[in-house]
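J.: For the sequence shown, full-length UniProt numbering gives the first residue as 1, with consecutive numbering after it.
Some hints could be false.
[Claimed, not checked] Cut-off 25 Å, straight-line C-alpha distance, at most; resulting in silico cross-link-like pairs (SDA-like, lysine to any residue):
id, residue 1, residue 2
1, K119, R103
2, K119, P149
3, K119, S89
4, K119, R67
5, K146, S121
6, K119, A94
7, K119, Q154
8, K146, E70
9, K146, A126
10, K146, T98
11, K119, G104
12, K119, T147
13, K119, T80
14, K119, S108
15, K119, S97
16, K119, A91
17, K119, G153
18, K119, K146
19, K119, M145
20, K119, E156
21, K146, P125
22, K146, A95
23, K146, S97
24, K146, S112
25, K119, A132
26, K146, L124
27, K119, T148
28, K146, L131
29, K146, L75
30, K146, A132
31, K146, Q160
No lab work stands behind these hints, which were simulated from the structure alone.
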Amino acid sequence: MISLSPSRLHVSLQAWLAARAPRERQLLRMAGLLLPLAAAWAVFDWTWSEQQRLALRLPAARASFERMQEDAAELARLRTLPPVTAVSSAALVAATSTAAEARGLRVSAAMSAEGVVVKGSATLPALVDWLASIQADLRLRPIRMKTTPGGDGQFEVVLQAYDDAGLNGG
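Produce the complete structure using the sequences and hints provided.
T.: Take a look at the structure:
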């Protein structure tokens, strides 16, 4: 391996350059000036385009971060609430009927092996609103629902209680 000191490298580079024709030396000097300028321009252009890209994405990232903070605050608030206590079957049937009547639904509710069976009549928007309210308030979710075609609004729905770990008993 040949090692050259900086001064010997400089001398050999000058000798090599002196051996070139004047026009070739001029082209090499121009290339020596233009290559660093082109590299600087490429870095500047890349930096500018990245800055523009980040300026477009930053608001969405901030909004996502704020939603995560709100979700974390909501989780912390929910953890401070006392646990939901188990409700008896008779109380579930009564609460289901009361919640339906409060929303103007005519229903009859009874307990079965699957859960609370509710039969009645209502418009579809009222039925969906009622199902959402009992899921939120009574922690009952529909596991099966039948509606009759023809617009008379007759329905039968089986509701089952669930806890934080999922469905009770499964």
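J.: Now tell me if each hint is right for this structure.
T.: Checked hints:
no.: 1; hint: K119 / R103; in the structure: holds (15 Å)
no.: 2; hint: K119 / P149; in the structure: holds (15 Å)
no.: 3; hint: K119 / S89; in the structure: holds (17 Å)
no.: 4; hint: K119 / R67; in the structure: violated (40 Å)
no.: 5; hint: K146 / S121; in the structure: holds (11 Å)
no.: 6; hint: K119 / A94; in the structure: holds (14 Å)
no.: 7; hint: K119 / Q154; in the structure: holds (8 Å)
no.: 8; hint: K146 / E70; in the structure: violated (38 Å)
no.: 9; hint: K146 / A126; in the structure: holds (15 Å)
no.: 10; hint: K146 / T98; in the structure: holds (21 Å)
no.: 11; hint: K119 / G104; in the structure: holds (14 Å)
no.: 12; hint: K119 / T147; in the structure: holds (10 Å)
no.: 13; hint: K119 / T80; in the structure: violated (37 Å)
no.: 14; hint: K119 / S108; in the structure: holds (5 Å)
no.: 15; hint: K119 / S97; in the structure: holds (10 Å)
no.: 16; hint: K119 / A91; in the structure: holds (17 Å)
no.: 17; hint: K119 / G153; in the structure: holds (11 Å)
no.: 18; hint: K119 / K146; in the structure: holds (9 Å)
no.: 19; hint: K119 / M145; in the structure: holds (10 Å)
no.: 20; hint: K119 / E156; in the structure: holds (4 Å)
no.: 21; hint: K146 / P125; in the structure: holds (15 Å)
no.: 22; hint: K146 / A95; in the structure: holds (21 Å)
no.: 23; hint: K146 / S97; in the structure: holds (18 Å)
no.: 24; hint: K146 / S112; in the structure: holds (16 Å)
no.: 25; hint: K119 / A132; in the structure: holds (17 Å)
no.: 26; hint: K146 / L124; in the structure: holds (12 Å)
no.: 27; hint: K119 / T148; in the structure: holds (11 Å)
no.: 28; hint: K146 / L131; in the structure: holds (13 Å)
no.: 29; hint: K146 / L75; in the structure: violated (35 Å)
no.: 30; hint: K146 / A132; in the structure: holds (17 Å)
no.: 31; hint: K146 / Q160; in the structure: holds (15 Å)
Violated hints, listed in ascending order, are 4, 8, 13, 29; each of the other numbered hints is respected by the structure.
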